[in-house]
Amino acid sequence: MSDASPDAIDDVVGVLTEQIESRFGMSMEQLKAVVADAPAVNSNASEIVKWHGLLLESQAALVRAEDALMAALERQPSEIDDPTMELAHRVNAAVTARDGRAVVVRWLLDPDAVGKQVLAARRLARFRGRQGPAVPTSPPPRPATTPQPGRSLAR
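The numbering of the sequence shown is numbering that gives the first Met the number 0, which starts it at 0 and goes up by one.
Calculated from the structure, these hints are not laboratory results. Please read these numbers as outputs of a predicted model, since none were measured by experiment. Watch out, some of these pointers could steer you wrong.
Claimed, not checked - Have a look at the derived ranges for each label pair, beta carbon to beta carbon:
no.	residue 1	residue 2	range
1	P110	M25	58 to 68 Å
2	P140	R22	14 to 24 Å
3	V102	M69	41 to 51 Å
4	A39	Q116	16 to 26 Å
To be verified - Okay, derived cross-link-like pairs now, DSS-like style, lysine-lysine, Cα gap no bigger than 27 Å in a straight line:
no.	residue 1	residue 2
5	K49	K115
6	K31	K115
7	K31	K49
Beta carbons: idealized from backbone N, C-alpha and C, even for Gly.
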């Protein structure tokens, strides 16, 4: 599997990478190669590889943003200036992006995740085709108490 250090396993990317490798029984590099050779064979594996790549990109962006913020904070006297505060906001945005992508990877890894049964049912329905009309083709019956046009209720 992976030669990840204990420190790498503690972070979000490391944990998810370990889960992916465990699920598919191969390293991420091997899985990427398999998906690159035949992306349509296992659509779930293809999606996981895609989102794992996006997760890695967002983790790298987070590390860059944190490094920039730390460098700016080391130069600050006592009060944080606006450019440094902007760097802090960039770190927050990077964390949000990384965590959002991690949620997608977790969802893809969980076969019983909420919404997957609905998604599977929709896909199955598309393959089966329609069994009948989408909307009723005849008007609904009128209730017996509805007055007929041109007739008066009062006699």
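Structure-based check of all given hints:
no., hint, verdict
1, P110 to M25: 58 to 68 Å, "violated, 18 Å"
2, P140 to R22: 14 to 24 Å, "violated, 55 Å"
3, V102 to M69: 41 to 51 Å, "violated, 26 Å"
4, A39 to Q116: 16 to 26 Å, "holds, 23 Å"
5, K49 to K115, "holds, 18 Å"
6, K31 to K115, "holds, 24 Å"
7, K31 to K49, "holds, 9 Å"
When held up to the earlier numbered hints, the structure conflicts with 1, 2, 3 and fits the remainder.
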